[in-house]
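Novice: Sequence:
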Amino acid sequence: MNYWLLKSEPDTFGFTDLLMSPRKTTRWDGVRNYQARNFLRDKFRPDDLAFFYHSSCKTPAIMGTIKIVRAGYPDPTAFDPTSPYYDPKSNMNEPRWFAVDVQAAETFATPVTLAELKRHDALRDMLLLRRGNRLSVTPVTVKQWRYIMSLAGH
DNA sequence: GCCAACGTTGGC
DNA sequence: GCCAACGTTGGC
Numbered sequence: 001m002n003y004w005l006l007k008s009e010p011d012t013f014g015f016t017d018l019l020m021s022p023r024k025t026t027r028w029d030g031v032r033n034y035q036a037r038n039f040l041r042d043k044f045r046p047d048d049l050a051f052f053y054h055s056s057c058k059t060p061a062i063m064g065t066i067k068i069v070r071a072g073y074p075d076p077t078a079f080d081p082t083s084p085y086y087d088p089k090s091n092m093n094e095p096r097w098f099a100v101d102v103q104a105a106e107t108f109a110t111p112v113t114l115a116e117l118k119r120h121d122a123l124r125d126m127l128l129l130r131r132g133n134r135l136s137v138t139p140v141t142v143k144q145w146r147y148i149m150s151l152a153g154h
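Residue numbers (the working numbering): 1 to 154.
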């Protein structure tokens, strides 16, 4: 069982959007970074858990948790010429990009802000906090997971 | 295979 | 809006 952190811009697709989706489930697609792709394709498993993080917004924060409900599969948006994520170099036989399906698990009563995360020495090694990190899909250790859950009141 | 130029990310 | 950091592209 693995733990992850997934970034999304709330202006594009926020945690509330996920909560309002059918069965609180959505396809996590449009990832166009090879390192992130490798995680989605090779490491994501059903029942893995992830933090849902709001980036590029007024108060960057972890809003809650989500559950992986479908392991990595070829990202359909890469095959769709009308999609902003279309990639003509990807095809069905040799898919270049991958998606997973996620379902909202828990909504934090109080989001755990980036500023709060930075305050804790126990989290200093988090990939999210590493200087210049831009990866939208990052692994989280079980220790980090439990620590942040306790910050969220658990 | 190097690396400059470019586009993007994302906190502030 | 700024800008540092990063990934990708493409010429050589």
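One should not assume that every hint holds.
Here are the computed lysine-lysine pairs in the DSS-like style, where the Cα-Cα straight-line distance is at most 27 Å [stated by the list, open to error]:
#: 1; residue 1: Lys58; residue 2: Lys43
#: 2; residue 1: Lys43; residue 2: Lys89
#: 3; residue 1: Lys143; residue 2: Lys7
#: 4; residue 1: Lys58; residue 2: Lys24
#: 5; residue 1: Lys118; residue 2: Lys143
#: 6; residue 1: Lys89; residue 2: Lys143
#: 7; residue 1: Lys67; residue 2: Lys89
#: 8; residue 1: Lys7; residue 2: Lys89
#: 9; residue 1: Lys7; residue 2: Lys58
#: 10; residue 1: Lys89; residue 2: Lys58
#: 11; residue 1: Lys89; residue 2: Lys24
#: 12; residue 1: Lys58; residue 2: Lys118
Honestly, the hints are just simulated from the structure, not real lab data.
All figures in this text were calculated on a predicted structure; none of them were measured in a lab.
Novice: State the violated hints by number, sorted upward, taking the hints as numbered earlier in the document.
Specialist: Per hint list: 1, 6, 7, 10, 11 violated.
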